[in-house]
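Undergrad: The lines below spell out each chain.
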Amino acid sequence: MENLVVAASSYAKDIDNLIWIVAILGGFWFFLAEGVLFYFLIKFRHKEGQKAQYLVGESKEELKWITRPHHAILICDLVIVFMAIQVWYNIKQQLPPADETIQVVGHQWSWRFIHPGLDHQLGTADDVEVVDELHVRVDKTYHFKLEAADVLHCFSIPAFRLKQDAIPGRVITGWFKPTKTGEYDLQCAEMCGIGHGIMQSKLYVETDEQHDEWLKKQMPQQQI
Amino acid sequence: MGASHSHAGNHSSGSHHGPGHYVKIWAILLVLLVLSILGPEIGVKWITIVSAFGIAFVKAYIVVQEFMHLKNERRVVHYALATSLIAMGMFVAGIYADVGRTAGENWKNQAAQSLIDKHAAEGHNSSAPH
Amino acid sequence: MGAQIPIATTRSATGVPTGRLAVWWVIASEIVIFGGILVAYILGRLMNDYWGADAANTNVLAGSVNTFVLLTSSLFVVLAHQAAENKETDKAFRYIWLTILGGLIFLVIKSFEWSYEIHHGMTITSSRFWSFYYTAAGIHGLHVIAGMIIMGIISFDVKKGKFLHRVENIGIYWHFVDIVWIFLFPLLYIAK
Amino acid sequence: MSSAHHDHHESFFSKYLFSTDHKIIGMQYMFTGMFMALIGGYFAYVFRMQLAFPGQDIPGYGLLTSAAYNTMVTNHGTIMIFWVAMPVLIAALGNFLIPLMIGCDDMVFPRLNRLSYQIFLISAIVLIASFFVKGGGFGGAWTAYPPLSAKAEYNLTPWGSTLWVIAVALEFVAFLLGGINFITTVMNSRAPGMKWMDIPIVVWMIVIASILFMLSVGPLIAGAVMLVFDQLIGTAFFEPARGGDPILWQHMFWFFGHPEVYVVLLPAMGIVADVMAVHGRKKVFGYKMVLGTAIGTGILSFFVWAHHQFVAGIDPRMANLFTITTLLISIPVGEMCFVYIATLYGASIRYTTAMLFAVAFLVEFLIGGVTGIFLGASGSDVHFHDTYFVVAHFHYTFFPIAIIATFAAIYHWFPKMFGRMMNETWGKIHFWGTIITFNGIFLPLFINGLAGQHRRIFSYEHFNDLTKFQGIRVFATVNLVTLLAFQVPFLINFFTSMFKGQKAGDNPWKAASLEWQCPSPPPHGNFAKMPEVYRGPYEYSVPGRSTDFWPQNERT
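Residue numbers (our numbering), protein chains in the order written: chain E, 85 to 308; chain V, 33 to 162; chain L, 1082 to 1273; chain Y, 292 to 847.
Some clues are possibly wrong.
Said to hold, decoys possible - So the derived label-pair ranges between C-beta atoms look like this: (1) E/Glu118 to Y/Trp487: 31 to 39 Å; (2) E/Gln170 to V/Lys77: 37 to 45 Å; (3) V/Ile60 to L/Leu1188: 21 to 29 Å; (4) V/Gln145 to E/Lys224: 29 to 37 Å; (5) E/Glu118 to Y/Glu444: 44 to 52 Å.
Said to hold, decoys possible - 25 Å max Cα-Cα, derived PhoX-like pairs, lysine-lysine: (6) E/Lys97 to Y/Lys759; (7) E/Lys264 to E/Lys97; (8) E/Lys264 to E/Lys286; (9) V/Lys140 to Y/Lys442.
Unchecked claim - From the structure, some residues in chain V lie toward chain E, with a derived Cβ separation under 7 Å: (10) Tyr54; (11) Asn138; (12) Lys140; (13) Asn141; (14) Gln142; (15) Ala143.
Everything labelled a hint here was simulated from the structure, so no lab data went into it. By construction, the Cβ of each residue, glycine as well, lies at the ideal position given by its N, Cα and C atoms.
Model the full assembly from the supplied sequences, consistent with the hints where possible.
TA: Right, here's the structure in full:
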């Protein structure tokens, strides 16, 4: 996981762990089933003068070979359900208090990001509105207010393991907390027309200093 | 498809009623119709609901049982109709949380809400410009 | 109709004649089609009280008369079915055409109603209530027309005493169309 | 329905184009499906080439614009599911097999059956027409989410999108008619003595699938009407600014869209059961349990649809419910796979091409099933949603269903369809060529998905985090081209065997079910003498009998 795509948000690890759990539980049953299957395929190939067995498979005695593993699978499922809901709850349902709030608006075919200015408040005069560039401070909890101007878009940052559709007419709130500085891809993940393929933005996770620097650059009028 | 058909299996059992029976049913339906029209005139919301939709269900039930002869139809048919009704129930249950409300956990449907507020403000007939 | 009947069609393992069984399945699938649009409408209606203001402009009288017409046509078609069972083909023929007449009256009233509303600016695009009003009633109207055409076709076989069982099958379908209207009526007209 | 001239010295026209014979109609469905599969395959070739060699001239197409790319991705999905999987698995096999397997001479409503095919044909023509109209074909993904699909100024395909919706709606109508026909036929017209538990599993599966389809498609048909009105008249059913709700469409779509998965899965499972029983010379293990799991799957499939919408803006609390139901469905499906594996225990397996494909179905489908758990678990779906992981996952379910199981069926029932055998050597070449390259395409794509590479992206050159995976994309594309190349021997084998293959005889596989107890190809009316049934369809290797199969219609 890590060496495929960096885990740059606080909950990226949780999702990766969940993926591992599923991989282990699912993988166990998968390899068991395939193993048995291939063993049968080789062992029971046609040999001259050897008749197949006549098994009805209605009696308890025979069916236990099916029912037992499937009870075991049920338990694995419950484990996965429990883990999945836990992760889901932390990502989508329960938002930790925000240090800053940004507004994200999807357009055909670009992202518009409204950053709070130096006053850390959204909706004030020094808000910074940028297209296709999102700048955030590392180790700060962000809430995002997600909107779409025309059609469905999907606000997706693989490095954060974050994905949320933007729906015109609705405002959807979510959160993330960057943990690694750097520059990451930010994509639209919902088919949104012929420009969908080029609707990608850059995400810059910066230290406070870098971020303030950048903010100042955005509003020359304030430096006077 | 198939004239040799009426003698395949049982044929419908409408036959052991005279026309009188059906006319009686029809009269009952008309009475219910009148009730369902008068109900809302009282202007009490719950009476409207009951008289309009409660009676609709009663009427539908009577038509299905008496005119469509579901009451002497084989069980398998009941199952077929029941499953499709249950499917619809599932559909409502599944979509209500998103489609039936203007806000939920961490989302709100601003467009719909603003329309509701707008009309509440105007407080009069919105669509028909007479 | 030259096709000779397959043996398959004449079998009836369930005890329900094949044609009637098929009609029941048609109805089962129609329930979900109408169900889909009605569910969408009801949820919208419950969420947006202001639709009631639009609903107030519907013509309750026309709706009531149409309900009466359809209920009556249902009576006729069930009487036709009964006549067919007693092999009274002429009577069945007459009742079938009375049913078709009922459908016709229904459509005429509907067209007057609609043209009035459209002239007064209540078109399918005026608001979502009117969109649902025309769409749901329109789909229902298509079913009425289909029923009338089928009845027209089979009525002549019936007169000749052929395919009498079809009277019951089309009857069941017609009653279903009636029931759909029984629900559309309060949903679109009465509830304010 | 035009008049059906129905005597036995018919003109070619009335025999092959306006026939009401269930076998001919089955063939019509099969060949139409195969033709559409060629189109779908060609689309896959074009957009895979674009992904591997972005912006370069594609042999056999030319330069691909992003609009054309979207059109091809969209219609590849639409065609493969609605115009290949459904017509071939359900309509073609259902029409051909049901009357033969339950021992009657035709469908109960032959002319309704013909009408269903004619509507289906029209739908296919409308779809193909939609590629050539002004503005090009619809490119808003096969889910057709509004507002993109609802307004021309968003999707820029004013005619394509409307024609697309109409085509899909017509196709639904065709399958409703066909489904009603199948269900009624099996319920009413079984051969005397054939009890519910004597029906071959493949027939059961097609019937259950038809019922699932019938019960789930309704809202989407209503939705299609609403969507067309949004496109053409300007209603606002799905337009947020005027109070409409895009989420409503998503629900209408997936309420059908998920059961649809099982609508095609179950017939495939049925085919595999029958083929395994015949070529394994073995009774299907736990017939009742197979049925139970199939019905259980069908019921559960109505409770899981919103797992396609976890991050699509549904209320997060609902996602939890749907996670639970989604993981629960892994139990009946997993159980079914176990039963099939158990069927092989103590079998005597003949590795004919048909059997190879049937077994390959199990092997590959298990991968698809297991990877589904990653997506059903809401937590991990946040990362995987709309990535190539999803693409790889559902190709590991749909390819086994629509391609591998279909090949198993074709190699198995070809002798009955045309009275001649297909060439086994070429069959085996085709088998290995298909299976190996198939895994070559989609196993690597799981890695792309894990890395967060999104679907439906025209070119990944701009994505710094993803450029390093270009090698994988090229590898997948090379495999795809090879896979397509390996279909040529199949087509040659298919059409030459049709006329030159060695004569098959009535029952080349020594099978017990009814369709093999009549001449091949079956004449009009199928059975010289309508059969009576005395036992179940899977009486193989019964102890104390000289032959290792016991036909359903043999009294002793």
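Undergrad: Look at each hint and say if it fits the structure.
TA: Against the structure, the hints:
1. In this structure the supplied range 31 to 39 Å holds for E/Glu118 paired with Y/Trp487, their Cβ-Cβ distance being about 33 Å.
2. Roughly 43 Å separates the CB atoms of E/Gln170 and V/Lys77, a value that falls within the hinted 37 to 45 Å.
3. Take V/Ile60 and L/Leu1188: their Cβ atoms lie about 26 Å apart, and the range 21 to 29 Å holds.
4. Roughly 30 Å separates the CB atoms of V/Gln145 and E/Lys224, a value that falls within the hinted 29 to 37 Å.
5. Under the hint 44 to 52 Å, the C-beta atoms of E/Glu118 and Y/Glu444, about 51 Å apart, fit the expected range.
6. Distance restraint check for E/Lys97 and Y/Lys759: the Cα-Cα separation of roughly 23 Å lies within the 25 Å cut-off, and the hinted pair is therefore satisfied.
7. Annotation: proposed proximity of E/Lys264 to E/Lys97 holds, straight-line Cα distance about 12 Å (limit 25 Å).
8. Simply put, E/Lys264 and E/Lys286 have alpha-carbon atoms about 15 Å apart, close enough for the 25 Å limit, and the pair holds.
9. At roughly 24 Å between alpha-carbon atoms, V/Lys140 and Y/Lys442 fall within 25 Å of each other, so this suggested pair holds.
10. Residue-level restraint check for V/Tyr54 is violated (minimum Cβ-Cβ distance to chain E is 50 Å; threshold 7 Å).
11. Given the 7 Å rule on beta carbons, the hint for V/Asn138 holds: about 5 Å separates it from the nearest Cβ of chain E.
12. For the restraint placing V/Lys140 at the interface with chain E, the shortest Cβ-Cβ distance is roughly 6 Å, inside the 7 Å limit, so the hint holds.
13. Hint status for V/Asn141: holds, given a least beta-carbon distance of 5 Å to chain E, under 7 Å.
14. With a least beta-carbon distance of about 6 Å to chain E, the hint placing V/Gln142 at the interface is held under the 7 Å criterion.
15. Checking V/Ala143 against chain E: minimum C-beta separation of about 3 Å stays under 7 Å; hint holds.
Hint 10 from the list above is the single one not met by this structure.
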